[in-house]
Amino acid sequence: MIRFKSRAAVVASVISVAALTIATSVVASSSSSAAGVPSWCGPKKITMGFTDGFGGNSWRLVTTAAVREEVKLCPSVTKLYYADGQGKTDKAISDIKGMVAKGVKALVVFPDAGQAMLPALRSAYKAGVVTVPYRVWAGGTAGKDYNLFVGSDFVLAGKLWGEWIKKNLPNGGNILRISGPAGNSQGADESKGLAQVLGNDPKYKFIGADPFEVTGWDPGKTQEVLTAAIAKYPNIDVITSDFGPSMVSALQAAVSSGWKVPAIATSDGNVLGCFYQDNKATQPNFKMMTISTQNDHSRLATDWAIALATGGKTPKEKAYPSTLFEDSVSGKPSAVQCRKDLPGDVYLSAKMSGDAQAKLKTN
Amino acid sequence: MSSTQVREVKRSARLQISRGMKTVLAGTIILYIASALLAPTSVSKVAQMGMLPFAACLAIVGLGQTLVIQQGGIDLSVAGAVSLTVVIVTWGPDRHDNRLIPAVIAAFAAAIITGFINGALITKTKLNSIVATLGVNSLLYGVMMALSGGSPRRTTERLSHFTNDKIFGLPHSIYFGIICAIVVTILVKRTVIGRRFEAVGANPRAALATGLKVGRYQVGAYVMAQILYCIAGVVLGGVISQPTAYQGDDYVLPSVAIVVLGGTSLLGGRGFPAASALAALFLKQLDMFVLSLGVPYGVRTLVISISLMVGIALYAVNWRSIRSKVGVKTKEERQLQAA
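Chains A and B, in that order, are what the protein sequence lines are. Numbering-wise (this note's numbering), the first sequence opens with residue 1 and increments by one. Numbering-wise (this note's numbering), the second sequence opens with residue 1 and increments by one.
In short, the hints are calculated from the structure, not lab data. Bear in mind the structure is a predicted one, so any value in this text is a computation, not a measurement. Beta carbons: idealized from backbone N, C-alpha and C, even for Gly. It is possible that part of the hints are untrue.
[To be verified] Partial pick of chain A residues on the chain B-facing surface, computed with a CB cut under 7 Å:
{"no.": "1", "residue": "Asn57"}
{"no.": "2", "residue": "Gly87"}
{"no.": "3", "residue": "Gly173"}
{"no.": "4", "residue": "Ser185"}
{"no.": "5", "residue": "Pro202"}
{"no.": "6", "residue": "Pro211"}
{"no.": "7", "residue": "Val214"}
{"no.": "8", "residue": "Gln223"}
{"no.": "9", "residue": "Thr227"}
{"no.": "10", "residue": "Ala231"}
{"no.": "11", "residue": "Pro245"}
{"no.": "12", "residue": "Ala253"}
{"no.": "13", "residue": "Ser257"}
{"no.": "14", "residue": "Gly344"}
{"no.": "15", "residue": "Asp345"}
[Stated by the list, open to error] Under the rule of at most 16 Å between Cα atoms (straight-line distance), these lysine to aspartate or glutamate pairs were calculated in the EDC-like manner:
{"no.": "16", "chain 1": "B", "residue 1": "Lys45", "chain 2": "A", "residue 2": "Glu224"}
{"no.": "17", "chain 1": "A", "residue 1": "Lys359", "chain 2": "B", "residue 2": "Asp94"}
{"no.": "18", "chain 1": "A", "residue 1": "Lys192", "chain 2": "A", "residue 2": "Glu163"}
{"no.": "19", "chain 1": "A", "residue 1": "Lys192", "chain 2": "A", "residue 2": "Asp153"}
{"no.": "20", "chain 1": "A", "residue 1": "Lys340", "chain 2": "B", "residue 2": "Asp97"}
{"no.": "21", "chain 1": "A", "residue 1": "Lys88", "chain 2": "B", "residue 2": "Asp249"}
{"no.": "22", "chain 1": "A", "residue 1": "Lys159", "chain 2": "A", "residue 2": "Glu224"}
{"no.": "23", "chain 1": "A", "residue 1": "Lys332", "chain 2": "A", "residue 2": "Glu163"}
{"no.": "24", "chain 1": "A", "residue 1": "Lys340", "chain 2": "B", "residue 2": "Glu157"}
{"no.": "25", "chain 1": "A", "residue 1": "Lys91", "chain 2": "B", "residue 2": "Asp249"}
{"no.": "26", "chain 1": "A", "residue 1": "Lys97", "chain 2": "A", "residue 2": "Asp145"}
{"no.": "27", "chain 1": "A", "residue 1": "Lys166", "chain 2": "A", "residue 2": "Asp327"}
{"no.": "28", "chain 1": "A", "residue 1": "Lys340", "chain 2": "B", "residue 2": "Asp94"}
Given these sequences and hints, build the entire structure.
Laid out in structure tokens, this is it:
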């Protein structure tokens, strides 16, 4: 019995150490290529950290891979550490603290939890780490709580949807808006943009929760929320969503119950493009436009962090632009794309090719 | 009292519907009536077809949790177990149908190993079940991250058909929930092993004294629980076309809540698997009802928490002592006093 006890304890501890090591994976970046070093890469040698509030979906996988690609371009970065907050605010905070303790000189943070992340960002910044939060607004002031916030113009994303809706549904309609966690700044800004274009026109009516239906960008929750909304509102003319692929299982379930897919204004993803191609023949009201899902937003934040920490030239843009990607009606800039030979969870709007994304596996 | 009477009493006790089942059944019926009156869309076909597969998954997870709680434990490795299964059955085949069955077999193998690790940690090293299963949960997430890098792939066509095709208008996933509930109920309530399993949960020392192999039943609970989580994970992987790596996170608290709602005591002993499964339907319909009411997100969360608290208070609060403190007496007490 005692032997078993100690053996079990040894096995358990070895396994937990291994698990911990895996959870915070360490990736060494290559420092071989000296030629063609980008201007944002300065001479000072640094180690760097990237912390994700939630890393558990393919969008984050591609986004994180984009950071890795960018870091590889700069030989001054000798090591890149990555940590995944797994959607838990406390873990995301301790990940940042862990990075500071490791002695990183630059830190890019995806602060999913928003303002709750501000104290951790501030403590990293005060400890002398170049701290660059991006995409989700965590409050605070640049130069006081962190070096710089690299946002994206989500109001513009909302406006792009709004303009498309106005053009393609000129007679008005009911618009259902869905986004991620409650109170996330991205969803709020998109709703603002939509309201700026359509808010004063009585023909367009926003239905469902205000400013958006909360789904946490989780496909399971999206399915529950969307089916409840579909049941509640018999006339939905447009659905807007900032994570299009997460809607597909819900849409499929609703279609199999005989529901007619309305127009959709969202962000791109191969699974969604293929869903459109599979259903366009039988769904007369199904028009779709997507804006780029912005996997490359993390590249801009990375460039900024590296430039500031290594003494390189800082990039011109402080915010990543929202751009149109697909439009099933006009076919411009692109018709709806579907690559059946690739997994559903690749993003064809990203800089990294779909084939390269399909090969991504581990952090 | 004649012997025939004694036998009759015994038989009726066996067929008795538990208090938990009565409460959950009444609660579910009232909830459906309220849904039909106040938010009729929440009982529409589209809403029910969207909700029921998730209720089935929660029910299967809850059945596993019931078994563990019957042994006086609590299993926090639900999240890791469900997530790992979802990842294995989607990332493993990576869209190739011919690799689905090996992936499902691998998922079950992983589940059985996990069950034994949980069981061994708790019975042999006498670790507290919360600590042990929480540790194993991290381990499962570690394995999942090592395998897939935190990114499951899209569900294969075959898995999607396996869970979403319909028989008599209902998707297979719902039948999986019902079948699991029936099988676990029969195992626990109608077999010798099941009755012994309850006896071990109620009082391990007494069970040991009667010669039962207590450790086996306790380890068995964790292994069976993992197998059930694995079934739930396979079904969930099929229901959601593009799952995330943390799909199991939403199941930890609800799985414990439905066990308590179903009337199984957290102290162990008698368990009510069918009531737990029905409580899963109650909880998911409650979600759908509150969603359909169209109240803000904050209010929605509050309504669900309060309903859960009321449900749990039905069992957890010692109403008799409260009544006696307040001065309200039961019929029996009044009779006693009069005598």
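Against the structure, the hints:
no.: 1; hint: Asn57; verdict: holds (5 Å)
no.: 2; hint: Gly87; verdict: holds (6 Å)
no.: 3; hint: Gly173; verdict: violated (19 Å)
no.: 4; hint: Ser185; verdict: violated (15 Å)
no.: 5; hint: Pro202; verdict: violated (21 Å)
no.: 6; hint: Pro211; verdict: violated (11 Å)
no.: 7; hint: Val214; verdict: holds (5 Å)
no.: 8; hint: Gln223; verdict: holds (6 Å)
no.: 9; hint: Thr227; verdict: holds (3 Å)
no.: 10; hint: Ala231; verdict: holds (4 Å)
no.: 11; hint: Pro245; verdict: holds (6 Å)
no.: 12; hint: Ala253; verdict: holds (6 Å)
no.: 13; hint: Ser257; verdict: holds (5 Å)
no.: 14; hint: Gly344; verdict: holds (4 Å)
no.: 15; hint: Asp345; verdict: holds (6 Å)
no.: 16; hint: Lys45/B - Glu224/A; verdict: holds (13 Å)
no.: 17; hint: Lys359/A - Asp94/B; verdict: holds (11 Å)
no.: 18; hint: Lys192/A - Glu163/A; verdict: holds (13 Å)
no.: 19; hint: Lys192/A - Asp153/A; verdict: holds (11 Å)
no.: 20; hint: Lys340/A - Asp97/B; verdict: holds (15 Å)
no.: 21; hint: Lys88/A - Asp249/B; verdict: holds (10 Å)
no.: 22; hint: Lys159/A - Glu224/A; verdict: violated (27 Å)
no.: 23; hint: Lys332/A - Glu163/A; verdict: holds (14 Å)
no.: 24; hint: Lys340/A - Glu157/B; verdict: holds (13 Å)
no.: 25; hint: Lys91/A - Asp249/B; verdict: holds (14 Å)
no.: 26; hint: Lys97/A - Asp145/A; verdict: holds (15 Å)
no.: 27; hint: Lys166/A - Asp327/A; verdict: holds (14 Å)
no.: 28; hint: Lys340/A - Asp94/B; verdict: holds (13 Å)
In this structure, the hints that do not hold are numbers 3, 4, 5, 6 and 22, in rising order.
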